[in-house]
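A.B. asks: Below, each chain spelled out in residue letters.
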Amino acid sequence: MYELLLTNAKAVPATIRRVAVLDEADRHRVITRFHGRSLIENMRTLAPSAVENATIEPNGSRLLFVNLVFDRRGQVPESLIHRFRLLGAANPGSTEATPLTYTITPFVVGDMRPVVVGPPLEGDGWVTVNGCCELGFAHRGSVQSINGGLFDSQRFAIDYMRLDEDGHFVTGDVSDPENWTQYGSEVIAAADGTVVSIANDFPNQVPGLLPDPGSFDTIESVDGNHVIIRFGESVYAFYAHLQKGSVVVEPGDEVERGDKLGLLGNSGNTSAPHLHFHLMTGPEALGLRRHSVRDRLLGL
Amino acid sequence: MIDSLGYEGQVPLRTFLESDDLTEDFGEDRLPEPDPREDELPLNLAIVGFTGD
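So the sequence lines, in the order shown, correspond to chains U and F. Numbering (our numbering) for the first sequence: 1 to 300. Numbering (our numbering) for the second sequence: 1 to 53.
Just so you know, these hints were derived from the structure itself, not from any lab. Take these hints with a grain of salt, some might be off.
[To be verified] If you anchor each label on the Cβ, the simulated ranges turn out as follows:
#  : chain 1 : residue 1 : chain 2 : residue 2 : range
1  : U       : G136      : F       : S4        : 25 to 33 Å
2  : U       : S215      : F       : T23       : 20 to 28 Å
3  : U       : L209      : F       : R14       : 38 to 46 Å
4  : F       : D21       : U       : S94       : 51 to 59 Å
5  : F       : L31       : U       : N53       : 37 to 45 Å
6  : U       : S175      : F       : P12       : 19 to 27 Å
7  : U       : D212      : F       : L31       : 36 to 44 Å
8  : U       : E250      : F       : S4        : 25 to 33 Å
9  : F       : L17       : U       : D212      : 20 to 28 Å
10 : U       : H35       : F       : P12       : 28 to 36 Å
11 : F       : T23       : U       : A90       : 26 to 34 Å
12 : F       : R14       : U       : E57       : 28 to 36 Å
[Claimed, not checked] Far from chain U, some chain F residues (derived; all Cβ distances over 10 Å):
#  : residue
13 : E8
14 : E18
15 : R30
16 : P36
17 : A46
The beta-carbon is built from N, C-alpha and C at its ideal position, and this holds for glycine as well.
Let the sequences and hints guide you as you build the complete structure.
C.D. replies: This is how it looks when you write it as structure tokens:
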């Protein structure tokens with residue numbers, strides 16, 4: 001999974017007609033194509049919002065979300081490249097769009113393997129909310145502008161919520177966090193590691209609505225009470241939205257798989273109690289690439 | 001990916017998307033017994049259990 005950042009730096013509108021993802025070593029081998037409906041469905045504004053067409057206004061940008069699926073690892077190319085067919089300005093002085101073809105934006109896939117860890121929770125009935133991979137859910141497409149770059153750090157993140165035996169997330173007054181099945185569940189270490197950072201003092205939000213964005217003055221406050229653990233070389237785990245005062249570890253603590261870290265809560269930018277969990281390549285929750293397979297945001 | 005989990009079914013997409021407050025019954029497609037899985041990233045709206053440890 002990765003995203004292509006498409007920017008029209010010319011003075012006339014550019015219309016993307018076709019995008020082909022090719023094996024760079026064998027450019028006759030087409031991995032996938034986007035055109036017509038598939039192009040529109042996988043293109044978003046930076047917000048991100050759905051688009052009605054594949055035309056990019058002057059000085060405008062779009063994101064093209066790419067998911068590639070292979071039956072066997074041996075089918076995965078070492079490197080990809082992208083062939084664009086479009087109508088656009090051929091040079092800075094052009095006043096009208098003309099047909100153009102570019103084969104650009106190489107992307108080295110490499111042989112990086114997905115990281116495997118244990119679960120961050122215990123028990124049954126956990127639901128993978130906002131999980132991989134469709135657009136339209138909160139994480140895939142949650143591209144953030146941080147420190148001068150665009151990052152899709154949450155593309156593999158999961159919000160865990162829990163069903164009770166009757167299939168309910170919540171029973172009774174939805175504004176009471178205690179009425180949610182998952183509220184107060186123990187959050188555990190998914191592997192042996194070292195605690196890097198925590199937060200433990202943010203209040204619970206009232207379920208039912210997302211809080212006022214103006215109430216968050218730092219990235220950390222968006223995450224609410226959280227724990228970040230280093231599991232290994234460039235592998236960090238992020239647990240967010242824990243209950244105030246429930247975090248039982250401190251930076252520098254060594255933890256073993258299954259150790260209790262805190263309690264599932266509803267702090268930070270959240271509309272219902274849940275555990276946000278994702279792995280990442282560094283100790284910053286949002287301004288980094290999500291860790292699972294080689295991925296990056298590519299500029300056109 | 002998670003090294004060991006039990007796949008317990010799927011929350012119906014339409015029921016989830018059309019819900020205003022998540023008070024509905026989302027368990028209609030829950031399996032009678034979990035299907036053991038290894039080294040998987042559970043995908044969107046999967047119901048999973050973590051009972052291996």
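A.B. asks: The structure should be examined with respect to each hint, and the outcome stated for every one.
C.D. replies: Right, here's what the structure says about each hint:
| no. | hint | in the structure |
| --- | --- | --- |
| 1 | U:G136 to F:S4: 25 to 33 Å | holds (30 Å) |
| 2 | U:S215 to F:T23: 20 to 28 Å | holds (26 Å) |
| 3 | U:L209 to F:R14: 38 to 46 Å | violated (23 Å) |
| 4 | F:D21 to U:S94: 51 to 59 Å | holds (52 Å) |
| 5 | F:L31 to U:N53: 37 to 45 Å | holds (42 Å) |
| 6 | U:S175 to F:P12: 19 to 27 Å | holds (25 Å) |
| 7 | U:D212 to F:L31: 36 to 44 Å | holds (40 Å) |
| 8 | U:E250 to F:S4: 25 to 33 Å | holds (29 Å) |
| 9 | F:L17 to U:D212: 20 to 28 Å | holds (25 Å) |
| 10 | U:H35 to F:P12: 28 to 36 Å | holds (31 Å) |
| 11 | F:T23 to U:A90: 26 to 34 Å | violated (56 Å) |
| 12 | F:R14 to U:E57: 28 to 36 Å | holds (35 Å) |
| 13 | E8 | violated (6 Å) |
| 14 | E18 | holds (13 Å) |
| 15 | R30 | violated (7 Å) |
| 16 | P36 | holds (12 Å) |
| 17 | A46 | violated (5 Å) |
The earlier numbered hints that this structure contradicts are 3, 11, 13, 15 and 17.
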